[in-house]
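Student: Turn these sequences into a full structure, and let the hints steer you where they fit.
Number of protein chains: 2
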Amino acid sequence: MDTLFKGVTAVTMSEQDGGVIKDAFVGVSGGKISYVGREIPREPAASVIEGAGKVLIPGLINAHTHLPMAFLRGYADDSPLREWLYDHVFPAEAKLTDRAVEICSRAGIAEAVSFGTTSVSDMYSHLDSIFKAADEAGIKYSGSNGAIYFGEESDFGFETCADTVNMRGMHLKWHGVDGGRLRFDASIHAEYTSSYPLWEAVAEYAINNGLRVHVHLSETKKEHEDCLTKYGLTPAQLLDCHGLWKNGGIAAHCVWLTQEDASLLARRGVSAVHNPVSNQKLGSGTADIAMMRRLGVNAALGTDGVSSNNNLDLFEEMKAACLLAKNKERDPAAMSALDALKMATVCAAEAQGRQNECGKIAPGYDADLVLVDFDRPHLTPCHSVISGLVYSARGSDVVMTMVRGKTLYKDGEFLTIDWEKTKYELAHEVMPLVFA
Amino acid sequence: MDTLFKGVTAVTMSEQDGGVIKDAFVGVSGGKISYVGREIPREPAASVIEGAGKVLIPGLINAHTHLPMAFLRGYADDSPLREWLYDHVFPAEAKLTDRAVEICSRAGIAEAVSFGTTSVSDMYSHLDSIFKAADEAGIKYSGSNGAIYFGEESDFGFETCADTVNMRGMHLKWHGVDGGRLRFDASIHAEYTSSYPLWEAVAEYAINNGLRVHVHLSETKKEHEDCLTKYGLTPAQLLDCHGLWKNGGIAAHCVWLTQEDASLLARRGVSAVHNPVSNQKLGSGTADIAMMRRLGVNAALGTDGVSSNNNLDLFEEMKAACLLAKNKERDPAAMSALDALKMATVCAAEAQGRQNECGKIAPGYDADLVLVDFDRPHLTPCHSVISGLVYSARGSDVVMTMVRGKTLYKDGEFLTIDWEKTKYELAHEVMPLVFA
Numbered sequence: 001m002d003t004l005f006k007g008v009t010a011v012t013m014s015e016q017d018g019g020v021i022k023d024a025f026v027g028v029s030g031g032k033i034s035y036v037g038r039e040i041p042r043e044p045a046a047s048v049i050e051g052a053g054k055v056l057i058p059g060l061i062n063a064h065t066h067l068p069m070a071f072l073r074g075y076a077d078d079s080p081l082r083e084w085l086y087d088h089v090f091p092a093e094a095k096l097t098d099r100a101v102e103i104c105s106r107a108g109i110a111e112a113v114s115f116g117t118t119s120v121s122d123m124y125s126h127l128d129s130i131f132k133a134a135d136e137a138g139i140k141y142s143g144s145n146g147a148i149y150f151g152e153e154s155d156f157g158f159e160t161c162a163d164t165v166n167m168r169g170m171h172l173k174w175h176g177v178d179g180g181r182l183r184f185d186a187s188i189h190a191e192y193t194s195s196y197p198l199w200e201a202v203a204e205y206a207i208n209n210g211l212r213v214h215v216h217l218s219e220t221k222k223e224h225e226d227c228l229t230k231y232g233l234t235p236a237q238l239l240d241c242h243g244l245w246k247n248g249g250i251a252a253h254c255v256w257l258t259q260e261d262a263s264l265l266a267r268r269g270v271s272a273v274h275n276p277v278s279n280q281k282l283g284s285g286t287a288d289i290a291m292m293r294r295l296g297v298n299a300a301l302g303t304d305g306v307s308s309n310n311n312l313d314l315f316e317e318m319k320a321a322c323l324l325a326k327n328k329e330r331d332p333a334a335m336s337a338l339d340a341l342k343m344a345t346v347c348a349a350e351a352q353g354r355q356n357e358c359g360k361i362a363p364g365y366d367a368d369l370v371l372v373d374f375d376r377p378h379l380t381p382c383h384s385v386i387s388g389l390v391y392s393a394r395g396s397d398v399v400m401t402m403v404r405g406k407t408l409y410k411d412g413e414f415l416t417i418d419w420e421k422t423k424y425e426l427a428h429e430v431m432p433l434v435f436a
Numbered sequence: 001m002d003t004l005f006k007g008v009t010a011v012t013m014s015e016q017d018g019g020v021i022k023d024a025f026v027g028v029s030g031g032k033i034s035y036v037g038r039e040i041p042r043e044p045a046a047s048v049i050e051g052a053g054k055v056l057i058p059g060l061i062n063a064h065t066h067l068p069m070a071f072l073r074g075y076a077d078d079s080p081l082r083e084w085l086y087d088h089v090f091p092a093e094a095k096l097t098d099r100a101v102e103i104c105s106r107a108g109i110a111e112a113v114s115f116g117t118t119s120v121s122d123m124y125s126h127l128d129s130i131f132k133a134a135d136e137a138g139i140k141y142s143g144s145n146g147a148i149y150f151g152e153e154s155d156f157g158f159e160t161c162a163d164t165v166n167m168r169g170m171h172l173k174w175h176g177v178d179g180g181r182l183r184f185d186a187s188i189h190a191e192y193t194s195s196y197p198l199w200e201a202v203a204e205y206a207i208n209n210g211l212r213v214h215v216h217l218s219e220t221k222k223e224h225e226d227c228l229t230k231y232g233l234t235p236a237q238l239l240d241c242h243g244l245w246k247n248g249g250i251a252a253h254c255v256w257l258t259q260e261d262a263s264l265l266a267r268r269g270v271s272a273v274h275n276p277v278s279n280q281k282l283g284s285g286t287a288d289i290a291m292m293r294r295l296g297v298n299a300a301l302g303t304d305g306v307s308s309n310n311n312l313d314l315f316e317e318m319k320a321a322c323l324l325a326k327n328k329e330r331d332p333a334a335m336s337a338l339d340a341l342k343m344a345t346v347c348a349a350e351a352q353g354r355q356n357e358c359g360k361i362a363p364g365y366d367a368d369l370v371l372v373d374f375d376r377p378h379l380t381p382c383h384s385v386i387s388g389l390v391y392s393a394r395g396s397d398v399v400m401t402m403v404r405g406k407t408l409y410k411d412g413e414f415l416t417i418d419w420e421k422t423k424y425e426l427a428h429e430v431m432p433l434v435f436a
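Protein chains in written order, with my numbering: chain Y, 1 to 436; chain P, 1 to 436.
Do not take every clue at face value.
[Stated by the list, open to error] In silico DSS-like cross-links for lysine-lysine, where the CA-CA straight-line distance does not exceed 25 Å:
1) K54/P <-> K423/Y
2) K132/P <-> K406/P
3) K6/Y <-> K406/Y
4) K22/P <-> K423/Y
5) K54/Y <-> K132/P
6) K423/Y <-> K173/Y
7) K423/P <-> K6/Y
Bear in mind the hints are in silico, worked out from the structure with no lab data behind them.
Tutor: Below, the structure is given as structure tokens:
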């Protein structure tokens, strides 16, 4: 085998209780997990990684973000929502070029990888540039362009809509690249930023091409209620009428989702992606994840963009999800650390349609693995590895991130991203371009 | 001068806007800050610390915690509250010895120091052992023993009450040690764990000896409402009647505080210490910090004990405070990053009665300083240093912690705590003693 993790505490996520194996051996061959057990495997390994004091987890999956928004970290924080969006964020984004987005994406990917993220579901414009950055960096990437279209049906035929919003181009160029490491998701940005011809065109294109969808859904009260007023239907119901949920996919935020909406998403196999930090930071409200899960919705976790977070740390997001749920229900048992870890691994893999390739440490799965150093004061003592991961650890405890057996990050160093170059380009190209 | 920080971004907290100085020089002489400015000081320095890419902040102040509870990290998390307390936490605590508490305190202090905390207001039993650990480690420590007493007045005279709850002993031994680095605060654990003879004895002892008080106040709805039912007064009102607030001090949690309570605390100079992570994790509720501040209460931040957090990271606590306030008000402007940073520095210093010695970077103040490395992906780019500190940084970005000019922690190494020994003793003495 290529690599053997020796004497590690493996949190496999392959059992309902998390499947923690102490003093485990985990072997990697040809990019796949080839061995998981308590005994030393017979087959020799080309490389052995000592796991004592460390915890091996499935790579974390960020099921909703906007990677290039790294360039807005800390920009105009704490402003009222409309002022923040219209006076700051949108004008800054309007100045981005393909080249700038590629640099910003590299920066976002570097942060995500350093914090133990191996797969990302993303939505942004200049999508070709993000795919390029993700391709080079070696992460798993499910990209969508969040199409915005306010026109009438008469303005285009369905075939041309796919071209109008650059859906066909991105699909044909990137979907399935590197054995499916890169995927294209059909997408509308949100109900309130588009009209029915787009919904139907995207729905049809997704169905005809076996694509999943990625949509912002009921993030704010205003968006949810305006839709009810305008159409007499919730955004979830409205988009369902236009066929958008037929192939499953991701509904991001779902803060104002009704019980009927949740049942609908569950029936359609659409996953709700919870973004607890962003929802709180923007004052959007508290998504009722417990209700959604009770009604059968697969719930995953996302960081949303850096500008409303302000980082890409899924460890922090797991803790935030638990705290928010416990506070909402006034019950410390409302969401467990294990629940949150599932939302960032197995459930997120399902949200991406990658449940047969990642989210678990099990033979045959891709070797998307993250090593967390527990030999630190804030992780000592350790009564529960899963509590430690969710309530005490943070992304910066990650000492190695591997995708398909390839190491992307180790002990503070990036192996596939030139971080110094990225930092230089951010400072000397992107910042002057956007903020000069 | 002894030490010069050169070319650093200093967040001085000596102005209402945070007083950020870029490319600053900060000098330390004889344990005090002796120079702050943009020009290089004339006086040569024995040691120069390069500050490029780094941010220098006043040491963070944890205004309510229980340091020894580090030993319970991740123990029985996610259980219903009563079960967690009565079946797990209390039985474990009952087994602690003085020696065990000293070890656990060292562990808690190590974590706090590694995360940039220079001063702690603490409450726990076996207090002598914690003072000893704090004394040796070199942090600022305001210790209180959270007295519990259900007896009647006839059981003791006031003089003996001070002895009964070991108040006089701790006061005489530790208050004012090392020029006031260590302080003793008079304390009752909470209204619901004591009776009026204790309140009056503690109040009298505090007044007679110029001590501040430290009390848990209205943390849970049950505690607040039971007090109303039993006495017809809120806990804040009741304890006021017995003179407990006369010398000012710390009221921890204040989740269920009424407006009248807040006005009372403001008049008495009692600070409210907000513990947003713990309050959420235990499902206690959401303290109305905005209301308290509007009514003139000085509000600070605390982590509470590790067992309900599960770490001692004030960076995380600052972010949690902002997120909780923004979500409560559904307004991204409800609490700013600067507000939170004040709560962990200048306001926390005031809560401790240390406002003339720390909480700011200003000439004459103690050199309680923390250096944060901003040359990291999750802190790049940096549109706002204060946003970066609160929303993107975490304790593990701290690369140096100094108290009164003495370095306690640098680049992952402890200079006053033997971390390997502490870890060994935790594993081989405390764990077998408590959990065998």
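Student: Of the hints stated earlier, which fail here?
Tutor: 5, 6
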